[in-house]
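Enquirer: The lines below spell out each chain.
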Amino acid sequence: MKEPVGTTGLIFNEPLLWERGAKGRSGFSLPPRDVASSHVADDLRGDGPDFPDLSELDVVRHFTRLSQWNFGVDSGMYPLGSCTMKYNPKTNERQAGLPGLAVSHPLLPQELSQGALKMMFDLQHYLAEITGLPAVTLQPAAGSQGELTGMMVINAYLQSKGEKRSKVLIPDTAHGTNPASATLCGLKSVAVKSNEQGILSTEKIAELMDEDTAGLMVTNPNTLGLFEEDIQKVTEIVHAKGGLVYGDGANMNAIMGIVDIQKLGVDVLHLNLHKTFSTPHGGGGPGSGPICVTEALEPFLPVPRVIEKDGKYLLSEDFPQSVGKLHAFYGNFGILVRAYSYILTMGADLHKASQYAVLNANYIKESLKDVYHLAYDRPCMHECVFNDKLQAAHKVTTLDIAKRLMEYGFHPPTIYFPLVVQGAIMVEPTETESKETIDAFIDTMRTIAQEARENPEQFHEAPQTTKVKRLDETAAARNPCLTG
Amino acid sequence: MMRYLPHTSDDIAAMLQKVGVDNVDALFTSIPESCRRDAPLDLPAPLSEWELNAHMSELAADMAVAPQYKVFLGAGSYDHYIPEAIKHLLMRSEVFTAYTPYQPEISQGTLQTIYEYQTLITRLLGMEVANASMYDGASGLAEALLMAIRVTRRKKVAVSTAIHPLYRRVVATYLAPTGYEVVEIPYKADGRSDLTALGNLEEFAGVALQSPNFFGCLEDLKAADELIHADKKTMMVVCFSEPLAYGLYKSPGSFNADIACGEGQSLGIPRAFGGPGLGVFAAKKKYVRSMPGRLIGQSVDKDGKRGFVLTLATREQHIRRESATSNICSNQGLCATSATMYMAILGGTGFRELAALNHDKAEYLKAELQAAGLKIAFDTPTFNEFVVQFPAGSQATYQQLLDNNFVAGLPLEPYYPELADHYLYCVTETSSKADMDALVKEIKS
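The listed protein sequences correspond, in order, to chains A and B.
Following our numbering, the numbering of the first sequence begins with 3 at its first residue and continues without gaps.
Following our numbering, the numbering of the second sequence begins with 4 at its first residue and continues without gaps.
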C-alpha cells in the first residue's frame with residue numbers, strides 16, 4: 003500500500019476558555035458611545051455574566067487550535083453512511099454571505115424582501131421538480147423536524163376526513179428519529195421486520211396495515227442502501243386501507259433525476275438539504291428539512307407559504323387547514339441559499355451526482371466484499387453495509403476497525419447502524435470523491451483486514467495518533483460533568 | 004466537466020468493469036421501470052461561478068438592508084455587530100465541514116467548543132445545565148413545555164400573551180397533535196403578564212413567561228417565582244428572544260426558573276432573513292435526564308488525559324426510539340459555535356458594556372420620541388425594544404417613513420388587534436445617534 007494520508011502532525015494543547023484570560027481584556031470593539039448613560043432599576047439590575055475576558059488573539063488562537071483537532075470533509079474522505087458527507091462548495095458561502103441575504107430582517111415589509119422571497123419560491127419549484135411531488139414547504143429546520151411536519155400533515159389530512167388513527171408502521175431499518183417523531187404526533191410505532199433480502203415484504207405490510215393505522219414511514223433507498231423494489235405494491239396496500247405514506251428522503255442522493263417519488267406512492271417526503279444538496283454539516287447543524295407533498299396534502303402545509311401574485315412574491319397565511327408553524331420565521335433561510343446555489347451550479351446535470359454516488363458505492367462493495375462480510379450481497383444504491391463477521395474470529399470488532407481507520411487518515415463509516423445488521427459498517431462515499439481517493443480507502447480497508455488476521459492486538463490500542471485516545475464514555479454518563 | 008464531479012471517462016470505465024456492468028444505467032436495475040421519471044430533470048443549464056455570482060448578487064440587491072435603509076426592527080431578530088474574527092474562525096473547514104462528533108478522538112474541536120458553549124450559557128442564564136442547542140427559540144419553547152409535561156405528568160400549560168406571538172404559534176402546533184391544552188395569560192396595562200388570571204395552579208405542568216417580553220418589558224420574575232412555585236410541581240419556564248439583556252439585567256436563574264430557553268441569534272449570528280438561529284435551552288440539574296437535545300460531557304481517555312464526549316445519549320432517539328425525550332437529532336452546531344466565539348470575544352466586561360450601550364441608546368430614542376409628542380405605550384423598564392403609540396391613522400406616517408428608507412418599527416396590529424397604531428421599536432449598538440435623530444426628525448415632519 004502507498005503511504006497513508008494520515009500522519010502524526012503538530013498538535014497543540016489548548017485549555018478551556020475560562021482557564022485563560024485576565025479581567026479587563028476584551029476582543030470586541032465597541033462603537034463610540036454617542037448617548038448618555040441611563041438609570042437601570044436596582045431590583046432588576048444584575049451583575050452580568052461571569053465570562054472570561056480574553057484578547058482577540060487569545061480567541062483566534064483558541065478556536066484555531068480546537069479546529070485542528072477536528073476531522074471534516076475538507077480534511078479527508080468522510081464515508082459516514084446515511085449522512086451524505088459530500089463536498090460543501092465554497093461559492094455557496096459567498097452567496098449566503100451577501101449582505102442582502104445574510105443581514106436582512108425576517109419581518110421586513112414584503113415589498114422590501116422580494117429577493118429572498120423569489121429565491122424561496124424558485125427553490126420550492128426546483129425541489130418539486132427533483133422529487134416529482136408538486137407542493138413544498140421550506141420551513142422545517144432539520145430532517146427530524148421535516149419528519150415531524152410530515153406526520154403532522156398526515157394527521158391533519160386524516161382529521162379533515164373525520165378520522166383519528168392511533169398507529170403507524172415503521173420498518174426496523176428506519177432512522178431512530180422516525181419513531182420519536184411519530185410519538186410527538188400521538189402515534190404508536192409498530193415495527194415492521196424487513197425480509198431476508200433486506201427490504202419490505204408486501205405480506206408483512208398487508209398483515210399489519212389496518213384502519214387504525216395512519217400509514218407507513220419508509221426510507222427508500224432504505225438504510226441498508228437497497229432500493230425497496232416492492233414499494234408500489236406496499237404503498238397500494240397502505241392506501242387501500244385509507245393510510246398515507248411518509249417517505250424519509252435522507253437517501254435522496256441515490257435517486258435524483260431517476261426516480262419519480264410520486265410514482266412510488268409516497269405522499270410526503272422530507273429532504274435533507276445538508277446531505278443531498280451539499281450544505282455544510284457544521285459539526286451537527288444547522289440543517290434544513292423541507293417537505294414535498296402531493297396535491298391532496300398541499301392545504302395542510304405549514305404557513306406562511308411563499309406564493310407569487312402578479313409578478314410579486316408574497317408570504318401568505320391564507321391556508322385555513324394548515325398544521326400551523328414549526329419555526330419562528332421561515333426556516334433556516336441561510337441554508338436554503340446554499341442549497342439553491344448548489345442546484346443552480348449543478349443544473350440539469352444533477353442526476354449525475356446520483357449516478358456517480360451509486361457507482362462509487364458499488365465499486366467499494368465489489369472491491370471489499372472478499373475481506374469484509376456483506377450483510378446483503380445485492381446491487382446497492384449510494385451506500386453499502388458490511389459487518390465484522392470475518393474479523394470476529396480474531397476478536398477485532400467494528401469499533402476497532404473504525405478506530406484503526408482514523409490512524410490512516412480516514413473518517414470511519416457509520417458503525418452499528420442500521421440496527422438490523424449486527425456490527426454494521428455503513429459506507430457512503432458520495433459522488434464528490436475521486437477514484438484515487440476511493441482506491442486509497444479500499445487499500446486501507448484491505449490492509450486493516452489483513453492486520454486483523456495477523457496482528458489483532460494492536461487494534462485495541464487504536465487510535466494512537468489522535469489528540470486523545472479512546473475516551474471513557476461510561477464514566478461520562480455515570481457522573482455527568484456538563485459544565486466547567 | 005463539472006467541478007464537483009471528479010470522474011473522468013477512464014475512471015468510470017474502470018469502475019464499471021470492477022462492478023461488472025456495461026454502463027451507469029445498469030447500476031439502477033433494482034429500480035422498477037414503473038418507479039422511474041418520465042423525463043429528465045427540467046432544471047436550468049448549469050451556471051458557472053461567474054454567472055451564479057451575478058445572479059445571486061441581483062437577488063441580494065432586491066432586499067432592504069443597511070446602510071441604504073435604517074431598520075429599527077427587533078422582534079426576535081437583532082442587528083448586532085459580528086466581529087470579523089468570528090467570521091474568519093467560523094470558516095475554518097475543520098469546524099464547518101465536520102458532522103456530529105460521533106467519533107470523539109477526531110472531533111475534540113467540536114466537542115470542547117460545545118462544552119464551552121454549555122458552560123457559558125449556564126453562566127449567562129444563571130442556570131445549572133444547558134444542552135448543545137435546539138433549532139430556534141420558538142421550537143425550544145415548545146420543547147420546554149413538552150418537558151414540563153413529561154416531568155410533572157400534567158396535561159396543561161400556561162403561556163403569557165406577552166411571549167413572542169410567532170413562538171406561541173409554534174407552541175400551539177407542537178402541542179396540538181397530542182391534545183395538550185395551552186392556556187393564555189393576558190398582559191396588563193403596564194405591558195407585563197397578569198399572573199393573577201392563572202387560577203388553579205395544580206393543573207399546570209408549567210407556566211411560561213418571556214423577559215424581556217415581546218413588548219420589550221422586563222417581567223416581574225420575583226413575583227412570578229413566588230406565585231408559580233406556590234405549587235411545588237409547577238415549573239417556571241422563562242423564555243427570551245434577546246439574551247444580551249442578561250448582560251445588564253438579572254438572569255432567569257436568579258429568579259429560580261426551572262427552565263430558561265429562547266433564541267440566541269443575538270450572540271454573533273447574522274439575521275439571515277430569520278434563520279438559522281440558535282435554540283438556547285437550560286434547566287436545573289435535577290431535570291437533566293428529562294431534557295431534550297444533545298449533551299456534551301467531560302471525561303478522560305485511556306491515558307487519563309481530559310477529553311469530551313456526547314453523553315446521556317440514552318435519552319435520545321437512537322437508543323430509545325419511541326420514548327425519547329424529543330425527536331431532535333442534531334443541534335445547531337455551527338450557530339452554537341458562533342455564540343461561543345461571540346461570548347468569548349466580548350468577555351464578561353465587554354458583554355456588560357455592550358448591553359448597557361444597547362439599553363442607553365434605546366432610552367435615548369424613547370426620550371426623543373416622547374419629546375416629539377409620541378406616547379410610550381407601557382410604563383415598565385425595557386432593554387433595547389419598546390412600544391410606541393402613534394396618533395390614529397399612523398399607517399400614512401409609517402409608509403412615508405418607508406418611502407424615505409426608514410423601517411420604523413414593527414406594526415403590532417396584525418399580532419395584537421387591540422394595539423392599532425402601536426409599533427415595536429428596536430435600537431442596538433448599530434443605531435447611531437445621528438440615525439435616531441434623523442428618524443425623529445422625519446417623524447416630526
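Everything labelled a hint here was simulated from the structure, so no lab data went into it.
By construction, the Cβ of each residue, glycine as well, lies at the ideal position given by its N, Cα and C atoms.
Treat each hint with caution, since some may be false.
27 Å max Cα-Cα, derived DSS-like pairs, lysine-lysine [stated by the list, open to error]:
#, chain 1, residue 1, chain 2, residue 2
1, B, K253, B, K305
2, B, K289, B, K159
3, A, K163, A, K243
4, A, K471, B, K287
5, A, K311, A, K354
6, A, K4, B, K21
7, A, K265, A, K206
8, B, K159, A, K190
9, A, K25, A, K4
10, B, K447, B, K369
11, A, K235, A, K190
12, A, K391, A, K195
13, B, K225, B, K305
14, B, K308, B, K236
15, B, K378, B, K447
16, B, K308, B, K225
17, B, K90, A, K25
18, A, K437, B, K21
19, A, K25, B, K305
20, A, K166, A, K120
21, B, K369, A, K190
22, A, K471, B, K305
23, B, K159, A, K166
24, B, K90, A, K169
25, A, K195, A, K206
26, B, K21, A, K371
27, B, K236, B, K225
28, A, K397, B, K225
29, A, K92, B, K90
30, B, K308, B, K253
31, B, K158, A, K169
32, A, K243, A, K195
33, A, K354, B, K21
34, A, K265, A, K163
35, B, K158, A, K166
36, A, K391, B, K289
Partial list, derived from the structure: chain B residues whose beta carbon lies under 8 Å from chain A [as the list claims (entries may be wrong)]:
#, residue
37, F31
38, S33
39, A48
40, M59
Enquirer: Is K225/B close enough to K305/B, meaning Cα to Cα at most 27 Å?
Expert: Measuring from Cα to Cα gives roughly 48 Å; hence the hint is violated.
Enquirer: Given S33/B as an interface hint, is its Cβ closer than 8 Å to any Cβ of chain A?
Expert: holds (4 Å)
Enquirer: Between K378/B and K447/B, is the straight-line Cα distance small enough, at 27 Å or below?
Expert: Measuring from Cα to Cα gives roughly 14 Å; hence the hint holds.
Enquirer: With the threshold set at 27 Å, check whether the alpha-carbon distance from K265/A to K163/A stays at or below it.
Expert: holds (24 Å)
Enquirer: Is the straight-line distance between the alpha-carbon of K236/B and that of K225/B 27 Å or less?
Expert: holds (18 Å)
Enquirer: Keeping to a limit of 27 Å between CA atoms, is the pair of K308/B and K225/B held or broken?
Expert: Not satisfied, since the Cα-Cα distance of roughly 43 Å exceeds 27 Å.
Enquirer: Does the alpha-carbon distance linking K253/B and K305/B stay inside the 27 Å limit?
Expert: Violated, at roughly 42 Å.
Enquirer: Has the given pair, K391/A with K195/A, been kept, meaning a C-alpha gap of at most 27 Å?
Expert: holds (22 Å)
Enquirer: Does K289/B pair with K159/B here, judged by a C-alpha cut-off of 27 Å?
Expert: Holds: K289/B and K159/B sit about 22 Å apart, inside 27 Å.
Enquirer: Keeping to a limit of 27 Å between CA atoms, is the pair of K159/B and K190/A held or broken?
Expert: holds (22 Å)
Enquirer: Tell me if the straight-line CA distance from K311/A to K354/A falls inside 27 Å.
Expert: Not satisfied, since the Cα-Cα distance of roughly 35 Å exceeds 27 Å.
Enquirer: Compare the distance between the alpha carbons of K158/B and K166/A with 27 Å, and conclude whether the hinted pair is satisfied.
Expert: Holds, because 20 Å separates the two Cα atoms, which is no more than 27 Å.
Hints 1, 4, 5, 9, 13, 14, 16, 19, 20, 21, 24, 28, 30 and 36 from the list above are not met by this structure, while the remaining hints are.
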